[in-house]
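Participant: Read off the chains here:
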Amino acid sequence: MLTSWKFWVVMAAIAGLTGLFVFGFTVNPKIVPSPLVERPAPGFAVTELNTGQPLDLESLKGTPFLLNFWASWCVACRDEARLLEAAHRRWGQDGKFRVIGIAVQDQPEEARKFARRFGKTYFLALDNSAGDISLNYGLYGVPESFFVDAQGIIRYKQIGAMTEQVLSEQIPKLIASKEQGR
Amino acid sequence: MTTRSDATTAHLLRRARAAAGLLPLAALALAVLLALAAPSAGWAQAPNQRELDERVQRITDMLRCPTCQGISVKDSEASFSRQIRDKVRRMVEEGQSDEDIKAYFVSRYGEWILRAPKKEGLGLVIWLAPGTALLLAGGWIGWRVYRGRRHPSADLHGAPELTPEQRERIARDLQRFEEED
Numbered sequence: 159m160l161t162s163w164k165f166w167v168v169m170a171a172i173a174g175l176t177g178l179f180v181f182g183f184t185v186n187p188k189i190v191p192s193p194l195v196e197r198p199a200p201g202f203a204v205t206e207l208n209t210g211q212p213l214d215l216e217s218l219k220g221t222p223f224l225l226n227f228w229a230s231w232c233v234a235c236r237d238e239a240r241l242l243e244a245a246h247r248r249w250g251q252d253g254k255f256r257v258i259g260i261a262v263q264d265q266p267e268e269a270r271k272f273a274r275r276f277g278k279t280y281f282l283a284l285d286n287s288a289g290d291i292s293l294n295y296g297l298y299g300v301p302e303s304f305f306v307d308a309q310g311i312i313r314y315k316q317i318g319a320m321t322e323q324v325l326s327e328q329i330p331k332l333i334a335s336k337e338q339g340r
Numbered sequence: 078m079t080t081r082s083d084a085t086t087a088h089l090l091r092r093a094r095a096a097a098g099l100l101p102l103a104a105l106a107l108a109v110l111l112a113l114a115a116p117s118a119g120w121a122q123a124p125n126q127r128e129l130d131e132r133v134q135r136i137t138d139m140l141r142c143p144t145c146q147g148i149s150v151k152d153s154e155a156s157f158s159r160q161i162r163d164k165v166r167r168m169v170e171e172g173q174s175d176e177d178i179k180a181y182f183v184s185r186y187g188e189w190i191l192r193a194p195k196k197e198g199l200g201l202v203i204w205l206a207p208g209t210a211l212l213l214a215g216g217w218i219g220w221r222v223y224r225g226r227r228h229p230s231a232d233l234h235g236a237p238e239l240t241p242e243q244r245e246r247i248a249r250d251l252q253r254f255e256e257e258d
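One line per chain: the protein sequences are R and V, in this order. Position 61, counted from 1, in the first sequence is what this note's numbering calls 219; the numbers after and before it change by one each time, with no gaps. Position 150, counted from 1, in the second sequence is what this note's numbering calls 227; the numbers after and before it change by one each time, with no gaps.
By construction, these hints were calculated from the structure, which means they are not laboratory data. Beta carbons: idealized from backbone N, C-alpha and C, even for Gly. Among the clues, some could well be false.
[Said to hold, decoys possible] Taking CB as the label site, the calculated pair distances span:
id	chain 1	residue 1	chain 2	residue 2	range
1	V	A206	R	R275	48 to 58 angstroms
2	V	I247	R	V185	51 to 61 angstroms
3	R	W166	V	I247	29 to 39 angstroms
4	V	G172	R	G201	15 to 25 angstroms
5	R	W163	V	D250	31 to 41 angstroms
[Unchecked claim] These stretches of chain R come out as covered by chain V in the derived footprint (C-beta under 8 angstroms, 3 or more residues):
id	stretch
6	191 to 198
7	212 to 224
[To be verified] Derived pair list, reagent style SDA-like, types lysine to any residue, alpha-carbon separation capped at 25 angstroms:
id	chain 1	residue 1	chain 2	residue 2
8	V	K151	R	Q263
9	R	K164	V	K195
10	R	K164	V	K179
11	R	K164	V	R185
12	R	K315	V	R185
13	R	K219	V	R185
14	V	K195	R	K219
15	R	K315	V	R192
16	V	K179	R	K219
17	V	K179	R	E196
18	V	K179	R	N294
19	R	K164	V	R127
20	V	K151	R	D290
21	V	K195	R	R197
22	R	K164	V	H228
23	V	K151	R	K164
24	V	K179	R	Q263
25	V	K179	R	I317
Bound-form chain R, shown alone:
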């Protein structure tokens, strides 16, 4: 028979391990907080997939934007494609907000085909073959999206497919903070 203190030590150990076990089930190991949130967005320079128009981070200063990393081979990117286009049409028409899509590990023609299929009209570009932009943004996979404010600070990161709820929460916040900053 265990003495009283030994009984409680064993019980405490079992309770601790059970707690750890339960906690493990409530956490998605694939969702890791990004150290880039609340920090300046890493610089990038790209050219538009169809027009060749150049774009870099400096030229976006003063305009909040959504930087979406996607790929034509990515299944989850199909789920969010129309949502992103809808967000561009809703908030991105008067220059107060921009949606930018960067295709990673992709071929230009495949990316163009994907864009045509889902009717994407916002700014689309391709990361280089070394994946410099993806690595600078600490990508775990695609799709991933970064909400960047008018000062170039990343305010939110979405891992996985975009949702309507995230868009309607984050974009008005970014636009409002820009207008308050004036």
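On the provided structure of chain R, position chain V as indicated by the hints.
Facilitator: Quick look at chain V alone, frame taken from chain R:
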């Protein structure tokens, strides 16, 4: 009639012609020397390349594959891991230190990207916990063994010593069993 200076000039010309005749031979010798030196130059570079490869392997072994479960960047064939390996190689070739390279990836991915936690803060607790647990368990076992040797009558299983009444009762019962047999 030839003067002394004419003779000297002719002598010099003869020597120059002889030297010119040796030029192809000298060129051949130089080519042979270069051919012999080339493999040795290659051998001189090989350790550098090996060192570079070893450094890239060592660093990528410390980094976690972002798209896999429990595999290092070194062992993963995932496309993101390949890009990380190439990036590490470029950074090594640029002369960046191991710490600079690790710091770059930590600044992008967080401490999560390191397969071994840093030996500070909570990471230090994680490092020390297994060793501490082993030491405590070893100490406890050692103490029990020591106590058992010092007090052989002590019950190592923690049962209390018998009271005189209990001993008397056991003796009585044993005697009864013997009588029944």
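Participant: So, for every hint listed, does it hold in this structure?
Facilitator: Here is how each hint holds up against the structure:
Checked against the hint of 48 to 58 angstroms, the C-beta distance between A206 (chain V) and R275 (chain R) comes to roughly 52 angstroms, which is consistent with it. For I247 (chain V) and V185 (chain R), the Cβ-Cβ distance of about 57 angstroms falls inside the hinted range of 51 to 61 angstroms, so the restraint holds. A hinted range of 29 to 39 angstroms holds for the C-beta pair W166 (chain R) and I247 (chain V), which are about 32 angstroms apart. Judged by the Cβ atoms, the range 15 to 25 angstroms given for G172 (chain V) and G201 (chain R) holds: they are separated by roughly 22 angstroms.
Range check, W163 (chain R) to D250 (chain V): Cβ separation about 33 angstroms, and the 31 to 41 angstroms hint holds. Closer than 8 angstroms: that is the beta-carbon criterion, and the stretch 191 to 198 of chain R has 4 residues meeting it against chain V, so the requirement of 3 holds. Residue count for the stretch 212 to 224 of chain R with a Cβ under 8 angstroms from a Cβ of chain V: 0. That is fewer than the three needed, and the coverage hint is violated. As the CA atoms of K151 (chain V) and Q263 (chain R) are separated by approximately 19 angstroms, the hinted pair is consistent with the 25 angstroms bound.
With a C-alpha separation of about 34 angstroms, the suggested pairing of K164 (chain R) with K195 (chain V) is violated against the 25 angstroms cut-off. Proximity of K164 (chain R) to K179 (chain V) is assessed by CA-CA distance (about 45 angstroms); at most 25 angstroms being required, the pair is judged violated. In summary, the hint linking K164 (chain R) to R185 (chain V) is not supported, as the alpha carbons are separated by about 46 angstroms, beyond the 25 angstroms threshold. For the given pair, K315 (chain R) sits about 13 angstroms from R185 (chain V) by alpha-carbon distance, which is consistent with the 25 angstroms threshold.
With a C-alpha separation of about 21 angstroms, the suggested pairing of K219 (chain R) with R185 (chain V) holds against the 25 angstroms cut-off. At most 25 angstroms may separate the alpha-carbon atoms for a hinted pair to count; K195 (chain V) and K219 (chain R) exceed this at roughly 36 angstroms. Of the pairs offered as hints, the one joining K315 (chain R) and R192 (chain V) holds, with about 23 angstroms between alpha carbons and a cut-off of 25 angstroms not exceeded. Distance hint between K179 (chain V) and K219 (chain R) is unfulfilled; the C-alpha atoms sit about 30 angstroms from each other, more than 25 angstroms.
Straight-line distance between C-alpha atoms of K179 (chain V) and E196 (chain R) comes to about 21 angstroms, which keeps the hinted pair within the 25 angstroms bound. The straight-line distance between the Cα atoms of K179 (chain V) and N294 (chain R) is roughly 13 angstroms, inside the 25 angstroms bound, and the hint therefore holds. A threshold of 25 angstroms between alpha carbons decides the hint, and for K164 (chain R) with R127 (chain V) the separation of about 56 angstroms lies outside it, so the pair is violated. At roughly 19 angstroms between alpha-carbon atoms, K151 (chain V) and D290 (chain R) fall within 25 angstroms of each other, so this suggested pair holds.
Restraint check for K195 (chain V) and R197 (chain R): the C-alpha separation of about 22 angstroms stays at or below 25 angstroms, so the hint holds. Between K164 (chain R) and H228 (chain V) the CA atoms are separated by roughly 22 angstroms; this keeps the pair inside 25 angstroms, and the hint holds. Of the pairs offered as hints, the one joining K151 (chain V) and K164 (chain R) is violated, with about 46 angstroms between alpha carbons and a cut-off of 25 angstroms exceeded. Taking the CA atoms of K179 (chain V) and Q263 (chain R), the gap is near 23 angstroms; set against the 25 angstroms cutoff, the hint holds.
About 23 angstroms separates the Cα atoms of K179 (chain V) and I317 (chain R), which keeps this hinted pair within 25 angstroms; it holds.
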